[in-house]
Structure formats: C-alpha cells, structure tokens
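S.K.: Going by my numbering, the letters in the sequence shown line up with residues 33 to 321, in that order.
Don't read these hints as lab results, they were simulated from the structure. Do not take every clue at face value.
[Claimed, not checked] Now the in silico label distances, taken between C-beta atoms and shown as ranges:
#1 Ala288 x Glu145: 16 to 24 Å
#2 Glu185 x Glu263: 37 to 45 Å
#3 Asn234 x Thr270: 19 to 27 Å
These numbers were taken from a predicted model, which means no experiment stands behind them. By construction, the Cβ of each residue, glycine as well, lies at the ideal position given by its N, Cα and C atoms.
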Amino acid sequence: MKRLLAKAWILKERLVIAAVLSIGFHAFAMFGITGALPDMRNLAKRLEPLEVTLVNSKSKSRPTNATAYAQNNLDGGGNVAEDIHASTPFPVLSDDNRFTPEQNTQRTKALEEQVKRLLTQTKSNYQVERKKEITHQLEQQLDGQDLVQLALEIARLEAEINKSITLYERMPKRKFIGARAQEYRYAQYVEDWRSKVERIGNLNYPEALRREKIFGKVRLTINIHSNGTIEKVEIDQTSGNRKLDAAAVRIAKLAAPYAPFPPDIRKEIDILSITRTWTFTTNEQTEVE
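Throw the hints in and build the complete structure from the sequences for me.
M.R.: In structure tokens form, the structure reads like this:
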C-alpha cells in the first residue's frame with residue numbers, strides 16, 4: 033500500500049511538468065510552421081490564461097553587412113495535422129511579427145531545449161528518502177478512491193504527452209534563411225536559387241507591370257521541400273499593389289521545381305524557408321535580394 037501511495041504522489045508531482053510539456057510541444061510545433069506565432073488573443077479571451085516564462089540566455093550580434101553569415105542556425109520546427117488539438121490552453125501571446133527569421137529560429141531552439149529538459153525531469157527517478165516522506169503524508173490525506181481518480185487523471189495526461197512527443201518526432205525539420213544572415217552551408221544553394229528566380233523573372237517579366245508601368249518591392253518567403261518542390265509561398269510584406277504581389281508569387285512558382293537539397297543539407301532538414309525582397313525595377317528587371 034505504501035508503495036502505491038508513493039507512486040501516486042510522484043505521478044501527482046509530474047502533473048505540473050506534464051501540463052507544461054504539452055504546452056511546450058504544441059507551441060514549438062506552431063513556431064516551426066511559419067516562423068511566427070499565430071494571433072491567439074481572441075482565444076485567450078475565452079480561456080483562463082496560463083503564463084509560461086521561457087528564458088533564452090544565448091544571444092548573437094546582428095551582422096553589419098548584408099552578405100555576412102551567421103555561425104549557427106536551428107534544425108527543427110514543423111507542422112502538425114489539422115485534427116490535432118492542444119491538450120492545454122495556450123498562454124497569452126504577443127505579436128511576433130517584429131522578429132526576423134533568424135531570431136525566430138533562435139527562439140524556437142530555446143523552446144525545444146526547454147521542452148527536452150522538462151521531458152528529462154518527467155522521466156527522472158526520485159530519491160528513496162523522498163518516497164518515504166511523501167508516503168507518510170499520503171497515508172493521512174488520501175483514501176483509496178482518491179488514488180484511483182488521481183491515477184486515472186495522470187494516465188490520461190501522460191497519454192496526451194506521449195502523443196505530443198510522437199507528433200514532434202514526426203514533424204518535418206525546417207530551416208529559416210533571412211535576407212541579412214545565413215549559415216555558410218546554405219549559401220551556395222540560396223545563391224543558385226536566387227539566380228534562377230531572377231532569370232525566370234526577367235524571361236517572363238509580367239506584361240501587366242510593363243504595360244501599366246507598375247514598379248515596387250514585395251517580401252516573400254518561399255518554403256522548399258528537400259526534392260526542390262514548393263510547399264507554399266507566403267507574402268510577408270505586401271507592395272501595396274495586388275498585381276505586383278501576384279506577379280512575384282507567380283514567378284516563384286514558375287521557377288519551381290528548384291534544385292534538390294545536396295546531401296549535407298538533406299540530412300539536416302526537410303524544408304528550407306527562404307525570405308527575400310523581390311523588386312520590379314523601372315527598367316523592367318526582376319531583382320531578388
């Protein structure tokens with residue numbers, strides 16, 4: 033009986049860690065999808081907010097040159113099926129659009145490390161003396177029915193956590209490459225990609241832009257599978273002209289499929305997200321930078 037009581041108390045202590053884990057994995061999954069958290073303010077109005085503080089002690093200075101390379105980037109992120117729901121309400125979130133792709137990659141890495149630490153804590157062994165102490169407390173506080181209910185609730189939560197862990201392990205790994213910094217291993221691939229979209233854009237310069245004398249800039253993120261096909265094209269910052277925005281998206285898709293990832297990149301990631309500014313110039317040229 034004492035052994036059962038001790039085990040039940042241990043499971044109860046894990047409940048808090050399990051709840052945080054559930055939030056961490058789902059939040060991490062949503063980080064990886066677009067590099068920015070979704071707007072959850074409307075949802076937060078209907079749910080009791082749960083505040084989770086994650087501290088990132090690692091920082092990197094910004095590059096001063098547009099062609100500089102950052103020394104490290106994140107392996108991770110991803111997406112999940114639409115029918116998967118969070119087992120715990122999300123915390124109140126702030127607007128993440130102010131972060132660059134590189135900053136979001138670092139923040140996602142910090143979150144992943146936090147989740148791994150919590151997972152390790154959940155599975156750690158408790159000291160024998162601690163078990164003896166809590167057994168004595170439980171003998172005076174819990175009856176048999178309490179133990180049954182507690183065990184059932186913990187079992188349900190542990191099943192949710194195991195499900196989240198399985199989903200996390202199956203998620204495609206992503207890499208976000210912004211306009212101001214990129215990891216050196218990806219430099220050649222990104223440069224080849226840029227050259228191709230510029231060439232295709234100039235060979236197929238939009239007639240509507242030429243005819244109506246439309247010029248301007250739009251920032252896009254092109255998400256590329258490891259085989260070179262496009263997962264999706266996102267407009268991060270519109271030019272203010274729908275025709276110009278649509279022309280840039282059309283050229284990005286027209287240039288696909290792109291080159292498959294080389295082996296050293298393929299073994300690390302499944303999807304590469306490249307963010308660049310597309311400019312349609314006054315001399316009817318397509319420039320990507």
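S.K.: All hints are to be evaluated individually against the structure, with a verdict given for each.
M.R.: Cross-check of the supplied hints:
{"no.": "1", "hint": "Ala288 x Glu145: 16 to 24 Å", "in the structure": "violated, 34 Å"}
{"no.": "2", "hint": "Glu185 x Glu263: 37 to 45 Å", "in the structure": "holds, 39 Å"}
{"no.": "3", "hint": "Asn234 x Thr270: 19 to 27 Å", "in the structure": "holds, 22 Å"}
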